[in-house]
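Trainee: Read off the chains here:
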Amino acid sequence: MSEGYPDYMEESIKKVEETRSERVDKTPDRMDPDEADEVLNSFHPDYREEGKKEIEIGPSTGRKAPTEVAEMLEAHSLIDPSEIDLTQIDYDVDVLIIGGGGAGTVAALWAVEEGIAPADILIATKLRHGDSNSMMAQGGIQVADREDDSPIRHYLDAIGGGHFTNEQSLVKALTMDAPKILDWHEELGMMYDREEDGNFTGLPGGGTSRYRLHSAGDYTGMELMRVLRDEARNLDIPVQEFTPAVELLKDDKGQVAGALLMNLETNEYYVARAKSTIMATGGFGRLHIQSYPTTNHYGATADGLVMGYRAGVPIRDMDSVQYHPTGAAHPDQIVGLLVTEKVRSLGAQPVNKDGELFVNPLEPRDIEAASLIRECYGRDNGVKTPTGMKGVWLDSPLIEEKKGEGTIEDSLPAMVRLYERFGIDMTKKPILVFPTLHYQNGGLEINTDGSTPVPGLFAGGEVEGGVHGKNRLMGNSLLDYNVFGRRAGINAASHAKKTSLGELTLDHVTKYEDQLSDAGIKTDRKSPMLLPEYRGEEVLKRHLDVEVTL
Amino acid sequence: MKAEEDESNEEVEMVEIFVMGKRYKVPKGLTIMTALEYAGYKFTRGCGCRGGFCGACSTVFRTKDEYKLRMDLACQTAVEDGMFLVQLPFMPAVREDYDVEEVDPEEHDNVLLDYYPEVARCVSCNTCTKACPQDIEVMDYVQAALRGDIERTAELSFDCIQCGLCSIRCPADIKHYHMAQMARRIHAKYNQPESDELAERVKEIKEGKYDEEMEKLVNMEREILKKRYDERDIKEEG
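As they're listed, the protein sequences go chains P and L.
All the letters of the first sequence, read from the start, carry residue numbers 1 to 550 under the numbering used here.
All the letters of the second sequence, read from the start, carry residue numbers 1 to 238 under the numbering used here.
No lab work stands behind these hints, which were simulated from the structure alone.
There may be inaccurate statements among the hints.
To be verified - Partial chain L-side listing against chain P, Cβ under 7 Å, derived:
id, residue
1, 38
2, 78
3, 84
To be verified - Ranges between beta-carbon positions, derived for each pair:
id, chain 1, residue 1, chain 2, residue 2, range
4, L, 94, P, 498, 21 to 31 Å
5, L, 94, P, 201, 30 to 40 Å
6, L, 107, P, 387, 14 to 24 Å
7, L, 123, P, 265, 50 to 60 Å
8, P, 7, L, 27, 16 to 26 Å
From the three backbone atoms N, C-alpha and C, an ideal C-beta is built for every residue, glycine too.
Full structure from sequences and hints, please.
Mentor: Below, the structure is given as structure tokens:
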């Protein structure tokens with residue numbers, strides 16, 4: 001892999017440079033609803049029926065999901081309930097939080113605020129505390145705090161962006177809580193970008209009608225996550241790292257009563273009994289739906305979705321997947337990594353191999369993504385990379401034409417660093433992009449208080465569904481994990497105070513196994529996946545299944 | 001729709017790497033992380049976001065004919081022929097608890113030194129800066145902290161991914177990244193002015209200014225809601 005761009009790509013870059021001055025003040029109109037429908041139907045991967053199937057068992061039987069997800073749900077448990085001793089309790093807590101990303105950490109902080117002692121909380125997480133998609137979010141968080149904006153507008157934007165499929169009461173919670181969340185962040189000490197007068201710098205995002213995006217450079221997710229984690233550490237909230245949950249536990253009254261955890265290094269199981277359990281495991285990018293590369297964290301394998309579903313929580317909107325319009329398409333080492341929407345918010349335009357601007361840069365994500373796919377595969381106006389992938393240019397140098405020299409370095413340090421490592425200076429040259437698998441729009445059904453339909457189980461963040469309907473707008477996921485992490489934390493805390501648990505059981509897992517065989521599903525698939533398989537094929541072919549004893 | 005297979009039958013160029021001394025041949029162009037996976041390693045530790053944001057994959061290596069140890073992130077660094085490498089699974093650095101409400105810099109002589117007195121042991125060797133995979137001027141922010149310049153400490157350290165490589169190399173055992181975390185929160189909370197617009201909006205919501213209209217929206221029929229969405233004005237320039 002050579003550094004920078006090969007000569008033939010430089011030829012195309014010249015065309016981009018030639019048209020740049022004509023494009024500076026040009027913004028194509030946003031697409032009319034009919035054209036938007038057409039481009040979605042013809043080019044968005046979600047609208048291809050062959051990538052999906054009906055789920056055959058469980059509480060949402062008959063609903064459609066990507067094949068990769070349905071197969072995760074139609075799979076055996078990792079454990080055999082008859083081999084588990086539930087009488088020896090290893091952790092006995094008021095609130096168990098599964099997942100140590102944004103939602104889980106926010107939930108923990110608010111459970112403490114609600115009166116639960118830190119020692120009566122446990123965060124169990126698969127990798128390290130903070131390792132999550134929350135950490136990787138770059139662009140920002142939507143909050144309608146400006147004078148020309150309001151929660152009403154934010155509501156309309158979110159629900160229109162979701163094609164009116166969102167759960168309206170959840171969108172209300174999202175948009176009405178947003179200013180309170182930002183106020184809390186201000187108290188915690190998060191370094192948001194601000195104007196001289198202290199008001200927050202606002203940027204536009206795809207599908208937003210006002211400048212509502214609040215950011216911290218292009219490390220917004222990292223800044224939020226590291227402050228939340230720092231606060232959880234200050235409060236001494238116990239965290240077990242490298243200890244994922246593998247199944248939920250219930251009691252004989254049908255309540256969720258904790259989880260079975262597993263030490264990822266020794267494979268020992270632990271029984272964690274809890275009066276309230278919060279699912280905060282994030283999304284499913286590492287399932288590589290329709291073979292797309294992903295922006296997601298290594299651990300994003302839909303574990304919580306699987307465990308929650310086995311415990312009886314219905315899922316919704318799982319037939320829709322968010323492909324971020326701009327994943328890196330070149331060089332090969334970074335294919336699929338996120339090129340934040342903020343690059344377009346700041347003024348960069350997507351242009352084709354001939355330097356032509358072909359879409360408004362800030363359409364809602366699904367429309368923008370479908371337009372990029374159309375340009376490459378419908379109109380054959382993409383640029384082919386040395387490894388055979390296609391992409392379009394994102395004309396980043398335009399940002400400095402519009403906003404002055406130095407803007408990119410100041411506002412997008414993470415992006416500059418990403419490309420610099422591979423010999424590309426994005427302040428001078430455009431970057432090649434193509435849609436990448438980014439976000440699980442749907443998920444476990446929740447109520448406005450963060451509870452699921454199964455008593456004792458709460459959920460927040462990417463694992464839950466309904467907030468974004470079938471398409472999430474930029475900046476609403478950081479907001480989602482804060483709003484519903486908080487609500488789940490508060491309500492899990494108050495639930496814990498008034499709950500008594502019966503005898504622990506894994507009967508729901510046994511029953512789920514029965515449903516599998518009743519439905520005639522014969523498979524050796526097991527789930528949750530925990531970690532994706534990336535080992536080389538040649539090595540795996542020669543892999544001996546031998547346990548080495550010392 | 002992802003990368004189509006390259007149809008040409010070009011031989012993939014291979015390079016030789018040494019993982020904790022053991023030799024493997026891997027395709028040139030892979031990152032250290034994907035090269036290890038290619039070689040058959042499955043990560044539990046030492047792998048996180050795979051995108052340069054989480055600091056889980058700190059790696060120490062040297063290349064052929066080089067005496068210097070280099071440090072970088074496995075997910076962001078391409079393998080080189082003759083690379084000897086090891087991953088650092090964990091950094092057992094001390095971190096001090098504090099109450100963010102109790103660290104007003106106006107009320108302390110040097111609040112960072114109160115919690116991290118070892119900052120004063122800095123010998124200005126610049127090893128921390130050289131170790132940083134983010135190219136942060138680590139020593140400069142440690143020196144700023146020593147002078148009590150919280151703003152500069154916060155700003156210089158802002159891109160820190162908390163991988164811990166600075167601290168593992170430091171001869172004075174300074175815990176740079178934990179100290180800097182504290183500095184950034186203090187700066188944001190005590191030095192940055194608060195937003196009037198936000199305070200006003202929070203007040204309006206508390207007073208119920210939007211309740212009635214929001215209730216209408218929540219119960220609005222889809223077609224009417226859709227019309228309202230399509231007709232909303234969009235601010236294109238801010």
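Trainee: Each hint needs a verdict: does it hold in this structure or not?
Mentor: Checked hints:
1. With a least beta-carbon distance of about 4 Å to chain P, the hint placing residue 38/L at the interface is held under the 7 Å criterion.
2. Annotation: residue 78/L was flagged as interfacial toward chain P, and the flag holds, the nearest CB pair being 6 Å apart, inside 7 Å.
3. The beta carbon of residue 84/L is not positioned within 7 Å of any beta carbon in chain P (closest approach about 20 Å), and the interface hint is therefore violated.
4. As the Cβ distance of residue 94/L to residue 498/P is approximately 40 Å, the hint placing it in 21 to 31 Å is violated.
5. Distance hint check for residue 94/L and residue 201/P: the Cβ-Cβ separation is about 36 Å, which falls inside the suggested range of 30 to 40 Å.
6. Checking the proposed 14 to 24 Å range against residue 107/L and residue 387/P shows it is violated: the Cβ atoms sit about 58 Å from each other.
7. In this structure, residue 123/L and residue 265/P break the distance hint of 50 to 60 Å, their C-beta atoms being roughly 37 Å apart.
8. Range check, residue 7/P to residue 27/L: about 23 Å between beta-carbon atoms, so the 16 to 26 Å window is met.
Of the numbered hints given earlier, the model fails hints 3, 4, 6 and 7; all others are met.
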